[in-house]
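Trainee: Chain residues, written in single-letter form:
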Amino acid sequence: MEDTVARLVASTLGKKPGSVRPDDPLFSSQAGFDSFSLMELVLLLEDTFELSIPDQDLDPDIFHSVNTIVSYVQDRLDQRD
Amino acid sequence: MRILKLVIWDLDETILTGIFEEGDEEINPTASKVMRLLNERGILQALATQNPPDVIPAANEKFGWSELFVQVEADLGPKAKKVRRILDALGINPLDTAFVDEDPFERGSISAQIAEITTCSIADLEAYLEGDSSIVTEEARRRPQMYREQQSRTRGEENTSEYDDFLRSCNIQITVRPYLPGDAMRAEELLTRTHRMNLGVLPVDEAVARLSRPGEHHVVVAEMKDIYGDMGRCGIVHLTPDGGGEAIIESLAISCRTRARGLSLAMLVGLLSHSDAQFERYRCRYVFNGSNRPLRMLLMGAGFKPQPGTDEVVLDSDQLESMELPDWVQIDYQLACG
Numbered sequence: 001m002e003d004t005v006a007r008l009v010a011s012t013l014g015k016k017p018g019s020v021r022p023d024d025p026l027f028s029s030q031a032g033f034d035s036f037s038l039m040e041l042v043l044l045l046e047d048t049f050e051l052s053i054p055d056q057d058l059d060p061d062i063f064h065s066v067n068t069i070v071s072y073v074q075d076r077l078d079q080r081d
Numbered sequence: 001m002r003i004l005k006l007v008i009w010d011l012d013e014t015i016l017t018g019i020f021e022e023g024d025e026e027i028n029p030t031a032s033k034v035m036r037l038l039n040e041r042g043i044l045q046a047l048a049t050q051n052p053p054d055v056i057p058a059a060n061e062k063f064g065w066s067e068l069f070v071q072v073e074a075d076l077g078p079k080a081k082k083v084r085r086i087l088d089a090l091g092i093n094p095l096d097t098a099f100v101d102e103d104p105f106e107r108g109s110i111s112a113q114i115a116e117i118t119t120c121s122i123a124d125l126e127a128y129l130e131g132d133s134s135i136v137t138e139e140a141r142r143r144p145q146m147y148r149e150q151q152s153r154t155r156g157e158e159n160t161s162e163y164d165d166f167l168r169s170c171n172i173q174i175t176v177r178p179y180l181p182g183d184a185m186r187a188e189e190l191l192t193r194t195h196r197m198n199l200g201v202l203p204v205d206e207a208v209a210r211l212s213r214p215g216e217h218h219v220v221v222a223e224m225k226d227i228y229g230d231m232g233r234c235g236i237v238h239l240t241p242d243g244g245g246e247a248i249i250e251s252l253a254i255s256c257r258t259r260a261r262g263l264s265l266a267m268l269v270g271l272l273s274h275s276d277a278q279f280e281r282y283r284c285r286y287v288f289n290g291s292n293r294p295l296r297m298l299l300m301g302a303g304f305k306p307q308p309g310t311d312e313v314v315l316d317s318d319q320l321e322s323m324e325l326p327d328w329v330q331i332d333y334q335l336a337c338g
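Protein chains in written order, with this note's numbering: chain A, 1 to 81; chain B, 1 to 338.
Excised from the complex, chain B in its bound form (with noise of 0.2 Å):
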């Protein structure tokens, strides 16, 4: 497992001590327990049970789960099914999920039908959970209730029929503003989460050292929100001056949350334009590190060409100048207090 970023629970003789449809409905305490750390710490949490779909609601209503759950998939076929698709509805790695059911048959079968994947007993996730030290930050516990803001954002681009004119409703706002101290915590959790969308060429903690070594660099940060709720800070650029008006962007993480069309570019753009981030020219390498591809097409949609024979990129400012963003998206400036 990389970073538990999702568990997915079976309900059955895992959440529950027996079978809810058969009334057993106690909960396990360790179970209880478990489920309200996950919480604690912005893990998000999903269902995934062979019971018939209409199980759920009464199962919500009794246990009071109806903000638990970020995803629920509930009918007779097969789990990995389930699980599959609720991976695929989060847009979550398998690297990053973990399944727990409390038999290991389960455990077993999940594991050989999807690669990657951690299964384990609510013991394991236990002791993983005990044994975590890792940074919880205001976003990072918001994070579910952003889930399902998000899910409600996709439930209203169903329902809208121009997905254009659905952007234009959520009143998408971008604020970018110069790095403060206190956004270590989240820099360094973007910097370590953000798989797609990260540079990725400084190990994080050399990448986090450098934020806060003395010396002449540029850090801007953008905040993102829209109708459905506040996404907090989503992205950071990191920019060394390079002499002869050049700047080499040392980290550059986007988070996945910009998925919507055009965001993630409308973001990188708003960083780049910040008034602490002008420069003539941006040069970076580009290091592929099994998954950041998607940054690779970003850096190509904002203009950064390709430097023949090595693995840096380059943009000049006039292209970034004359670049034309999505009329969804509105990018607000805020410059240095003092």
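One chain only, chain A, in its complex shape (with noise of 0.2 Å):
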């Protein structure tokens, strides 16, 4: 799952996909995370995973960085099965 979330988040900034590490903040003025880059990835989440995600997650601490996602989609797929 960590491949896949990176691979979106490289997509959604128009990186190659391997440029982005787990840890990298996404929220840096050197990441290029802007609204609307994020809400294309929030989209791409919820087509991916097949998740719907909640204003109420639109939580900075969730969003920090490929590896807080990866947790935060991992429970909610966890949630559901």
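Hints are computed from structural coordinates only; laboratory data are not their basis.
Hints are supplied without guarantee of correctness; some may be wrong.
[Stated by the list, open to error] Each pair of labels, with its calculated beta carbon distance range:
hint : chain 1 : residue 1 : chain 2 : residue 2 : range
1    : B       : 76        : A       : 55        : 44 to 50 Å
2    : B       : 115       : A       : 50        : 23 to 29 Å
3    : A       : 23        : B       : 115       : 38 to 44 Å
4    : B       : 123       : A       : 64        : 53 to 59 Å
5    : A       : 23        : B       : 215       : 44 to 50 Å
6    : A       : 15        : B       : 289       : 29 to 35 Å
7    : A       : 56        : B       : 206       : 43 to 49 Å
8    : B       : 132       : A       : 43        : 30 to 36 Å
9    : B       : 185       : A       : 43        : 34 to 40 Å
10   : B       : 168       : A       : 64        : 23 to 29 Å
11   : A       : 80        : B       : 169       : 44 to 50 Å
12   : A       : 2         : B       : 307       : 27 to 33 Å
[What the hints assert, rightly or not] DMTMM-like cross-link-like pairs, simulated, lysine to aspartate or glutamate; straight-line CA separation at most 20 Å:
hint : chain 1 : residue 1 : chain 2 : residue 2
13   : B       : 305       : A       : 55
14   : B       : 5         : B       : 67
15   : B       : 305       : A       : 57
16   : B       : 305       : A       : 61
17   : A       : 15        : B       : 165
18   : B       : 305       : B       : 280
19   : A       : 15        : B       : 164
20   : A       : 16        : B       : 165
21   : A       : 16        : A       : 3
22   : A       : 16        : A       : 2
23   : B       : 33        : B       : 102
24   : B       : 33        : B       : 67
25   : B       : 33        : B       : 13
26   : B       : 305       : A       : 59
27   : A       : 16        : B       : 205
28   : B       : 5         : B       : 88
Just so it is clear, CB atoms sit at the ideal spot from N, CA and C, and this is done for glycine as well.
Need the complex rebuilt from these two chains, each delivered in its own frame; the hints are there to steer you.
Mentor: Printed below as a string of structure tokens:
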């Protein structure tokens, strides 16, 4: 799952797969995320993992890095099972 | 239709009384009048025609349209594709767009293929404009020019191998200052026309009324310019102290002209960092209005945290202070005069 999330993050930023490290903070000015790319990422995560991400979960701690997103998605999938 | 921001014209037998390529090069006088009215009100105009592309330079030269249309799509393919390309290129919602064609078949065809766009005849559009009393600000009048400048930016972006270098070359400056009475019309326009980056918790009338209501409140506006032009007032925030060092964000709107990477975040941080807007903590409600999820993303990007069980998000000012902004934006702060 980490690879998939990292690929989605990289794709949203228009970067090559593998260029985003699991702990890279996504909100640094160097990461390049803005509101529209974040929205695209959320939509991609929802489509890929067949989840609905509510506004309540649009939390900077959840979207801090690839690793924190993976934890969140994993939790959501576990709850569904 | 929500607010008319863009009119996409057909050419043959709509703007023109006949077919351009067949030498029928007379402009429909009502179309000419409507085009002038649209230009005066800063409503963008684009052209979608099933003529070959080489017709356009000839038409531009003959009719003096080189500064009129912000986007032209000309080829022999389906008209709906051209309309979609124009909407995508300008980033304008079909809800805010009118497609004008004198042929009812073409209007029906576009309506069937592009949900939520308004299709109309020239007479329909003329009647709409004559009955419309929307405010027209200086920024509104300059809007077509600003979109043309935006297209120059995009071309520059395409020609620059490194996007970051391109952004640095733009010399982007944001000026943040206290709200002045002369900002009222633009504030109303920002709160009315901005959909994606609008908190939208208050009805626009109420949000505007509160700006001029006596009492302790803090309103800050942001202007933006770069080497391509002056985009004017693009952002506004209205804060009301709530005791204990907290402020409630009553209204927040940031124009989508700040869409280049990192600019909307820089503008939000700039607005909240102005000395008139400094509080220990900021609190606001976020209510989805059908299009303002980008604002919710922006709030998250700025560090606003959701409050469990409510529709509120909260930001502590220390987080604002530690926010790292892109090095391609310079923010200047102006204090109140006197």
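Trainee: Of the numbered hints stated previously, which ones are contradicted by the structure, given in increasing order?
Mentor: When the structure is compared with the hints, numbers 7 and 27 turn out to be violated.
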